[in-house]
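Chemist: First to last, the sequence lines map onto chains Z and V.
Using numbering that gives the first Met the number 0, the first residue of the first sequence is number 0, and each one after it goes up by one.
Using numbering that gives the first Met the number 0, the first residue of the second sequence is number 0, and each one after it goes up by one.
Please note that the accuracy of each hint is not assured.
[What the hints assert, rightly or not] Computed from the model, here is a short list of chain V residues facing chain Z with C-beta under 7 Å:
hint	residue
1	110
2	218
3	471
4	474
[Unchecked claim] Quick list of simulated restraints, FRET-style, between CB atoms:
hint	chain 1	residue 1	chain 2	residue 2	range
5	V	71	Z	296	34 to 44 Å
6	Z	543	V	620	50 to 60 Å
7	Z	625	V	663	53 to 63 Å
8	Z	614	V	78	58 to 68 Å
[Claimed, not checked] Which bits of chain V does chain Z cover? Going by a derived footprint, with three or more residues having C-beta under 8 Å, they are:
hint	stretch
9	219–228
10	289–301
11	460–467
12	592–606
I should point out that these hints are in silico values taken from the structure, not numbers from a laboratory.
It should be emphasised that the depicted structure is a prediction, and the values quoted were computed from it without experimental measurement.
Beta carbons: idealized from backbone N, C-alpha and C, even for Gly.
So the chains spell out like this:
There are 2 protein chains.
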Amino acid sequence: MRLTPLFALGAALTLVPLATPSTPPTGLTGFSPAAARAERDWEAKFKAIPSPDSQRAYMRHLTARPHHVGSPYDSANAQWILAHFKSWGLDAHIERFEVLFPTPRERLVELVSPTHFRASLQEPTVAGDPTSSQHAEQLPTYNAYSIDGDVTGPLVYVNFGLPEDYDSLERHGVSVKGAIVIARYGNSWRGVKPMVAAEHGAVGCIIYSDPADDGYGQGDVFPKGPYRPREGVQRGSVMEMQLYPGDPLTPGVGATHDAKRLSRADAPTITKIPVLPISYGDAQPLLAALGGPVAPPEWRGGLGVTYHMGGPGPARVHLVVKSNWDLKPVYDVIATIRGATEPDQWVVRGNHQDAWVNGAEDPTAGQVALMEEARGLGALLAQGWRPQRTIIYAAWDGEEPMLLGSTEWVEEHADELRDKAVAYINSDTNDRGYLFAGGTPSMASFISDVAKDVEDPETHLSVWKRRKLADIRSARSDDQRRQMRASDVLRVGPLGSGSDYSGFVDHIGVASLNIGFGGESEGAGVYHSVYDDFYWYTHFSDTSFVYGRALSQVGGTAVMRLADAQVLPYDFVGLASTVQGYVSDLQKLVQAEQDEIAERNREIQEGVFAATSDPWHPTSAPPAEPVPPHLGFAPLQNGADSLSHAADRYAKAFAALAADTSYGAGAPAPVNALLLQAARRLTDKRGLPGRPWYVFELEAPGMYTGYGAKTMPAVREAIEQRKFPLAEQQIQTVGAVLEAEAALVDSAARMLGSRSP
Amino acid sequence: MRLTPLFALGAALTLVPLATPSTPPTGLTGFSPAAARAERDWEAKFKAIPSPDSQRAYMRHLTARPHHVGSPYDSANAQWILAHFKSWGLDAHIERFEVLFPTPRERLVELVSPTHFRASLQEPTVAGDPTSSQHAEQLPTYNAYSIDGDVTGPLVYVNFGLPEDYDSLERHGVSVKGAIVIARYGNSWRGVKPMVAAEHGAVGCIIYSDPADDGYGQGDVFPKGPYRPREGVQRGSVMEMQLYPGDPLTPGVGATHDAKRLSRADAPTITKIPVLPISYGDAQPLLAALGGPVAPPEWRGGLGVTYHMGGPGPARVHLVVKSNWDLKPVYDVIATIRGATEPDQWVVRGNHQDAWVNGAEDPTAGQVALMEEARGLGALLAQGWRPQRTIIYAAWDGEEPMLLGSTEWVEEHADELRDKAVAYINSDTNDRGYLFAGGTPSMASFISDVAKDVEDPETHLSVWKRRKLADIRSARSDDQRRQMRASDVLRVGPLGSGSDYSGFVDHIGVASLNIGFGGESEGAGVYHSVYDDFYWYTHFSDTSFVYGRALSQVGGTAVMRLADAQVLPYDFVGLASTVQGYVSDLQKLVQAEQDEIAERNREIQEGVFAATSDPWHPTSAPPAEPVPPHLGFAPLQNGADSLSHAADRYAKAFAALAADTSYGAGAPAPVNALLLQAARRLTDKRGLPGRPWYVFELEAPGMYTGYGAKTMPAVREAIEQRKFPLAEQQIQTVGAVLEAEAALVDSAARMLGSRSP
């Protein structure tokens, strides 16, 4: 699994703050000059170690056979990684959990009228691609955690299947009650599509890859080019991870052998209607058979047909999905380097190793980079390096079905993580191009500094510089461009969900980062298909594994720097500035909704919609809605201001300390124990409204986006869902969280100021 | 021929001014209360006359056979219309011109490598559509005024074939020198495509209809729906009408039998390279064969292939175009109603009658509405109505090849028109939906008032109200919406070219309007194909001809009101406000170009383009350019201010006169002789730089847009083409024109103020 690379999100990202803590020009944030020199020496030694050839060899091995959860090769890979970690001198072991993981037993999509057509649901062997023929071991194309079902109904095309698409259907007089919907992949977590379909009364859901978004519309298709061929299918989970990720039967606790489990019928994250993914080859006859209104322009994809909405027209479909609902083992490989002076401060680095099929780009490209980091750190240990803090490397299992391995591990170790976690650094996929980084706002400045010290293999600029120039080029406005030029910090977007950071940041409140390279070649074309394999990767992606090396260099350097810093390099000024932006965004959101609804109501009143309804193709007016009330944002504004002031005081104390030449190359300071709680203070243990598993109040996956983050979600989603009393209440909650964060930062500033940090 | 309906142009249109002359609430602008009552009585009688059934019957007759220039049925239709005009009591005759009109002799498009494919270049008969089988009389699919040629070369896809597309090709390393380009229809006058291709060294040009723009991507295709079928081809002229329209051999003079003619080799408006249009069915194998870089996302159309740019790759094409270059007759049918008191003030109303093939939507839907107007006015004459001014109804021939009939007539009658023309009102196509009106800014308020008095047949709102509400709905910004609500005046966009108003407004300076209905059903799907016929129109467009009646009501009312007004209802406040907007747009244009070029230069300097060039698919940086200098806009600003002040004085005098109850129901006032020169004052007899035929300084077809108007073209195009000394010089010219206009309006205000208007 993986997010859309953050690089591609463009203007949706929150911009980084202009003010950042002053970095000593030749030094490192959080290190005294002497300590910085030592750190840089070790980092230089580290960066020389990761090898493209090793990564290629690891990938060849790890992707040789399908290795999904529960498969023999998944278990074998875990053992193989474990052996490597051990061979490099790390203290490694496997942690096993037992999770609900459905695999297909029966799958059928057939058009039953006006003509008959049965979808192939099969990805054929491609000549020249040796692993594409391993049909016996491949998981069939399916959506994991679809409920079982056997349904027949009229077919309705619902575009991306998001709430606004159903509004449009309604205005065109098309209902999905009792219908099977066909949605195209994209613009949301795929699990949102059946959720919204079920909310509107649909009885089944088909999801397909439209060639405009994911096929020949993007470029030449495999094997001529890297893009999705006609029969390629995107597998993937459709669990309602917006409620909680991980094992559906053990929310909030580790899925150990003896864990107390929900019954499957009570597991709320399993879909309410059956779902199956299909290729565009299989989708074409279904879409061509649709009647009903012609779909609006923005709904039209790349199949050579006129897109219709369907409805009670000629096309009827029969959909069957049945799974084997077994408990399966997941094997997390955990390797530890104990901290020399602060063993109870943990820096965690992870990437998953399980795949939907052979999984070269997703996740092995990230996994082999992580392995080379582990090998490099092992080599430094042999040369005498000792990190101040404890470092944990994790090769997660079961990420694809639903972040199973990482979530269960986080839940199992929740108390320890709350006490000890300094940061979590995630990667998942890797390709050619530009560094992307999403993360907790306090980490943006840190990862930007790391990026300045790693070379881009194609341009020989720093990866920081290349990304910065790309951001300038893709800026959407003069103002954005100006901000990008003014700031030393890269754009670091908020974390939604879709990879293994979720448990850390969302459930515990661990400062987190998600990193990788992309933007030139992308794995999208073979994403979650049998063609995401060694042949594809070594023909169309980071074929020389030089971006794999760059990822090792970024990830390993970040881990080392966090493990060794005398004062943890969290950027509270950046955090406060981002928080101010979030608060201001919420106010703008209310204003925009007020304006939009008032305008729409006025247009309804004026008769605009009646006057512009074509009697041959009538559309109804949207319903009039009450204009949202003004909300009392003061608690949020006050909390944000408190945080800004505290952050300024902290930055001053930090700068004074950095300028204090008497401060030597000693061990980490006592203030760190307080600092590492800073991200935890941004949680509220009651969780977000309706989803208590999510406790982090700054950012979370949106209920109707999934992958995409909502900032200050408790307040934002209450506004978006027109729950204004709830919004008022959550403003209080989040305001209090910000005040608590400010108090912590103030305490830390006082400790730094006392010169005994 | 026809413009993209103005309704669809959205934000590109100049907004109407807020201030408009005060209309007496129960009266008519330019009429005393007593005169207004009489006028409204006659208008009511007129509006009851036009009959949908008559229009259907005329269309059935006129479209029964192909009737292009030089065909037997074209001549027969002219005679048939003449007979009708006469039968309704109008003084009618035919004026004949002899024009160069090439027709196909040899046509070939074949892929010669990597495989062989020969384009069919044939629109097949459609079962059920009786006239689609008239192959013997149909003009083959071709682009008129393509030069003869027989060329072979590599194929390059050039998107819409506009200058910026060639910039993109160059940045991707693809040259069109010696190549045959394939461009898709749209976004410009089709003649711009071969012109720009030739400028870049191409040796041939193919133009095709992409199904995303014009085919199944828009809706169901004919005969299931109204859109272009796989084999449908858009015929059309590719003459460089931006230099001058009309007969290529007789620029500036009527193409009478004895006119002095250029040799064909010296005619500058004939293309420089051979051109042929093809269907998307024929285009698909050509585009599928292309190699080279994958085309940028915005270049990709709706064919189920990956769009490539081509270049020196595998695909080579052989193109042959040869024509019979004959002189052919065109027959303009001219009907006159002599003015009772002001016979030397002419109101001209026209629509063409020739078609590319059977031409139901284009132009017969407009022609039959015009005929019902003529019948209605004839009936009023029989009842005793006498217009104050002379009315001329024209059924133009030869519009499709290049506005031949209207242009030659205008050139032949240029001196009379300069002396006498009050206004020209054009129509061309007609469909269901919303009234659209383009026109000279001084006419916007007038046509809006007319539109308030005609009922929309579907909603029973006035056509003014329906259009206003649609404009509010499609507004792109709050500011646009606010302006639309604040103004009584409809959006009336500037006139570019593409229909018979061009000679009037561009060559003489006659205040002009171009009107019609559209936006619900559009003729685009069969535009210039054999399928634009009676069967298509009566199944998919204004099937009950009620919009035909509405067009008759708008056109006829406008003609009557202009012919009878005591003071001509030109709106100089609206004109001045529009002119102020044009001047301000030019200043913003310079500022935007300065900013854009400075930013691009900075990015080149920063290395943005080098850093973001994918080494696997390299792109070069755009060239650095000098930042445009500041221009001295004062002459334009002063001219616009003079005009604003004069217009305000005129409006005050006009209002005082309207409030003067002693002013009775007399004949038109002497001031009109001055007023009708107002639009002429906006010309400069030296013409636009490089194209002396175009003398109107407010608006003209753009050199690289054709259909689309450029406002203050002499200045704007100099800026766009980076000819800054020329821009400075033209600012003087246009400034002087505005001062002359202001002086005329001031004189008129003084005449009105003297109470002896």
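Chemist: Kindly confirm whether 58 to 68 Å is satisfied by the beta carbon distance between residue 614 of chain Z and residue 78 of chain V.
Modeler: Between residue 614 of chain Z and residue 78 of chain V, where Cβ atoms are some 39 Å apart, the hint is violated.
Chemist: Tell me whether the statement that chain Z covers the stretch 289–301 of chain V is true, taking a Cβ distance below 8 Å and needing three residues at minimum.
Modeler: holds (count 3)
Chemist: Confirm or reject the coverage of the stretch 219–228 of chain V by chain Z under the rule of 3 or more residues with a beta carbon closer than 8 Å to the chain's beta carbons.
Modeler: holds (count 4)
Chemist: Counting residues of the stretch 460–467 of chain V that have a beta-carbon nearer than 8 Å to any beta-carbon of chain Z, does the count reach 3?
Modeler: Holds, because 3 residues of the stretch 460–467 of chain V bring their Cβ atoms closer than 8 Å to Cβ atoms of chain Z.
Chemist: Quick check on the hint: residue 110 of chain V CB to chain Z CB, less than 7 Å?
Modeler: violated, 19 Å
Chemist: Quick one: are residue 543 of chain Z and residue 620 of chain V within 50 to 60 Å, going by C-beta?
Modeler: violated, 25 Å
Chemist: That 34 to 44 Å hint for residue 71 of chain V and residue 296 of chain Z (C-beta), does it hold up?
Modeler: At 42 Å between Cβs, range holds.
Chemist: Under 7 Å is the threshold here; is the Cβ of residue 474 of chain V close enough to any Cβ of chain Z for the hint to stand?
Modeler: Because about 10 Å separates residue 474 of chain V from the closest Cβ in chain Z, which is outside the 7 Å limit, the hint is violated.
Chemist: Three or more residues of the stretch 592–606 of chain V near chain Z by CB distance under 8 Å?
Modeler: holds (count 5)
Chemist: Kindly confirm whether 53 to 63 Å is satisfied by the beta carbon distance between residue 625 of chain Z and residue 663 of chain V.
Modeler: holds, 56 Å
Chemist: Taking the least C-beta to C-beta distance, is residue 218 of chain V closer than 7 Å to chain Z?
Modeler: holds, 5 Å
Chemist: Residue 471 of chain V was flagged as interface toward chain Z. Is the shortest Cβ-Cβ separation under 7 Å?
Modeler: This hint holds: residue 471 of chain V lies near chain Z, its Cβ roughly 6 Å from the closest one there, short of 7 Å.
Going down the numbered hints, you'll see the structure goes against 1, 4, 6, 8, while the others check out.
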